[in-house]
Amino acid sequence: MKDLYQGQRAMRNMRRQAMQRGVIAVLDIGTSKIACLVLQFDGPGQFRETDGVGPMAGQSNFRVIGNAHTRSRGMRFGEIETMAETERAIRTVIQSAQKSAGVRVDHVIACISGASPASYGLAGEIRLPLGKVTEGDVARVLASCDVPDFGRNREVLHAQPVNFAVDGRSGLSDPRDHNGDSLAVDMHVLTVDGDAAGNLVHCIRRCDMELAGVASASYAAGLAALVEDEQELGAACVDLGGGTTGVSVFIKKHMIFADAVRYGGELITQDIAKGLRVTHAVAERLKTLHGGVEATGRDDHEMIQLGESGDWDAERRQISRADLIGIMRPRVEEILEKVGEILDAAGFDFMPSRQVVLTGGGSQIPGLDALAARMLGQNVRIGRPLRIQGLPHNATAPSFSSAIGLALLTAHPQDEWWDFDMPAEAYPARSFKRAYRWFKNNW
Amino acid sequence: MQGLNSFSGNQDGAGRPAPVRHAPSRPLPSKPAVRKDPAPSRLAYRLNRMMLRPLIRRLVRIGIPAFLAMMVAGIWLSDETRRANLQGGIDGLIDRIQHRDAFMVHRMEIEGASAVVEGGLRAMLPVPLPASSFDIDLEKLRERVLKLDAVEAVDLRIKPGGVLSAVVTERVPAVLWRHPRGIELLDKTGHRVASVTERDVRGDLPLIAGEGADKAAPEALALIDAAGPILPRLRGLERIGERRWDLVLDRGQRIKLPEDGALRALEGVIASNQAQGMLDRDITVIDLREDGRATARLGLEAQNGIRRARGEPELGVDGKPVAPATASGSASKTKNTKKSG
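Protein chains in written order, with UniProt numbering: chain W, 1 to 443; chain G, 1 to 341.
In isolation and in its complexed conformation, chain G is listed as follows:
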């Protein structure tokens, strides 16, 4: 029976498998950390040394980024619309900044100018006001204003508050210049100020005449200053041959001044006039052109007086001796013409 019992075999224990005993979970033996080889590999070492070459380092650090940036920019800009948009955006930005209120010029203030000059100055502005101060080129405007004859100097500046200030110094007319084309006003340096139609417009100014008189205007003014005592008799100065002056007085008298030292010669004449009253006598021309030898040409009446005293026949107006019968008549005629002149 026992053999039939299926349990008996199990009771034996020999065939029975040992229960599985799991090993307690121990930590693995700690492996020492593998130290990395600190030495660079041959390739890394060579690359490192290559990067230390200045040329290659510059190429990598500057060249490649610059190339990439250029390429991206180039591709982006290759489109026409994008380029136009960019240009328009930049222009708009510049325009917006330039037309900010802080940069605007609203009005123009002009000081020291006459009405005519002021009108000219306003007409010369390149843009109508109000305008941006970036559009007004002050240097160019100043050059244009200085081309006006009546303006001697101009000080242009843009003041805070949007004011374009122009301080104008006008030329002061000092002398009138009569020449074949008309009469002009000159300042003391001989620069043209304006034209006048007739001499009486500025009767207070002295008159000069002759070609090239404007270039020697300062000398003429000095001569006029020096001619103080005979100023009431002075009609004007005439430039002869563009090199020397003739002082023209009334009664047809004329003082021919030398080219050099005209002032000194004139002072000499005035001194002798005050001492001897030379100019009150019948002398038509005093010729001082040759230095140290003044020559006087006598008038007709004086010559005839001398001739009468000598018992010679008197001279006529044409300078020819006339018959004694008509001598007194011609002399009175000369007197008459002088008075009228």
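Extracted from the complex, chain W is given alone in its bound form:
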């Protein structure tokens, strides 16, 4: 538990130091696209009260001063496959983002979409000697969570206390100063593969950037695509990316579950390329321009020119749109089936509001919401990311929701609870700090 505590605090401090510099970049390294937003943190003073802008969970504190996105290279299933290629892609996107921002960026917060995330629910309980919850008790209960064996080489990405309970009064978001005899906490911990995370850190270091934090892409997409009520009442965000499909489940404004499937839009493109014997680029173009999942009778008449497929000069073929849909639909159904399995495993059926929000680049397939409603439940909508200040229009598409969510997470990280000092038992005995703390607390 001590490692978890110290790791979370270290990440929090790292991000705080980066934010004090004022300019920070968020980097969404996906399988098909790398997006980079340069954020400027002006502090809360930039709006007056008369402007009608409240604190808005930190969203009014920053604005986007530069953005860039480029094709991703060397990535597969949300993990880095070829380090040098990915490094080049990161260099490209950071350089153009810096150019559009006009400032040099030294700190970057990245998100990782693959790397086999695993969610754990942790619980801890302590007795309250004072009959009242103090700040020290919060730290103690966080420290008292028994950490399961995550397995070899797993890194903790997020660890957030989701729920506090005092004497059976559950569902507290802030237990401080509550009267009671015992304090219990439920914590959600998300771990990823340590090697994949290490590769990401290495790539970013090679670009002379300082890594100020790593987040899960599914979590970030959920922050951007879910509106506040959905986060409060319970919703699942499905981030249909290029190489992976991330699922995150929120309730009471906290993520309680996150996972990712290694199926994504690239697979659909591959299917089209194989099924129609066209190049990958042509298949991608067919998918984005003519793709769909719901075939109608009219689609039989809508013919698509395949054009030159590469190997045969001046070859002309044409297919109907129904053919294309026939190729795409099974794969989309398969992806949604996998998502449904994950949601079943997460116990999504027992949530009060079973809202499913589809986002990510794959959510732009026409007719996807109807198909998803049939497979995942009735409450399905396509979610576009939240609007943030300074974001240009071309970066408001659903495929940017993880990058925007990462910006929101930077502005309002839900890990304030780690600010409380570590319980005194964790310190070595006879330490000066302990003596100092004792003096400070008692006088």
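It is worth saying that the hints were derived from the structure and are not from the lab.
It is possible that some hints are incorrect.
Stated by the list, open to error - As a list, the in silico DSBU-like pairs of lysine-lysine whose alpha-carbon atoms are at most 30 Å apart:
#	chain 1	residue 1	chain 2	residue 2
1	W	Lys33	G	Lys36
2	W	Lys274	G	Lys36
3	W	Lys338	W	Lys440
Remember, it's a predicted structure, so these values are computed and weren't measured experimentally.
With chain W held as given, fit chain G onto it using these hints.
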């Protein structure tokens, strides 16, 4: 024979080389254009990031050009002749612009000044006309003109058409001041206007005398204004001890005014004079210095009249009682002196 025929071998065809058939010139298979790697190299990326540092960017964008410009200018100016040429060129340019016809002052117009002041004003111009208006410092000239005693205010301006206009307000002499060093004309504030050689030059002006009288000239003028009914008899005002006034009338009469409230005291004397004709009697001094108690000193004739009535011996000119035989003679002598005064 056949074997000898050299042609036979050629007819064979086996040894004959196949004619060279050139391949038809086909276009080469079009190579797909090699796409350049859009990623910057590590060096380019680092240089780009270095240029984004504000200090380095400022150095490169401002520092180096500024340094080059300074260096070129320094090398060029290191030669003495070039420096002199440049200086001469700049001076000539400034001179040419300043001596354009639009900036020239051709004449001076003076309004409201007497001939003496006008002559002084013309002599005060720092440069002979015509001159450039850049060479005439109007503020300094104005300060110099104001040092003339006869000038109260002067309004100097350069009008279009190259005219230096000076509107002078001269001081108006209001009073004559007689002091041990001579007689001077003062204006109503007590400022010197000019000196005169004798009092008759300006017989229309009242006279004041005594040390420090010029500083209290406004009060003196107020007193003279107040002395309306006795003005024909007024000879002048005398400043005593630089603090109070004596009103001197003819026939040797003198009204000693107090330091404070002199005007009020004088008005009181004039009122009593109009009521009782006090000043027409034989009174030499009316002393008003003490507030609320006016003292009058009687003349010799009046004293002798009282003494005659009492049967006492009359007083002589020296103030000592004289023998009764000579009393009438001395009294007539006093009368005579008064008439002459």
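- Message: Tell me if the straight-line CA distance from W:Lys274 to G:Lys36 falls inside 30 Å.
- Response: holds (28 Å)
- Query: Taken at face value, is the distance from the CA of W:Lys440 to the CA of W:Lys338 at most 30 Å?
  - Reply: Answer violated: W:Lys338 to W:Lys440 is near 54 Å, above 30 Å.
- Message: Holds or violated: W:Lys33 and G:Lys36, Cα atoms, limit 30 Å.
- Response: This hinted pair holds, its Cα atoms lying about 19 Å apart.
When each numbered hint is compared with the structure, a violation occurs for hint 3 only.
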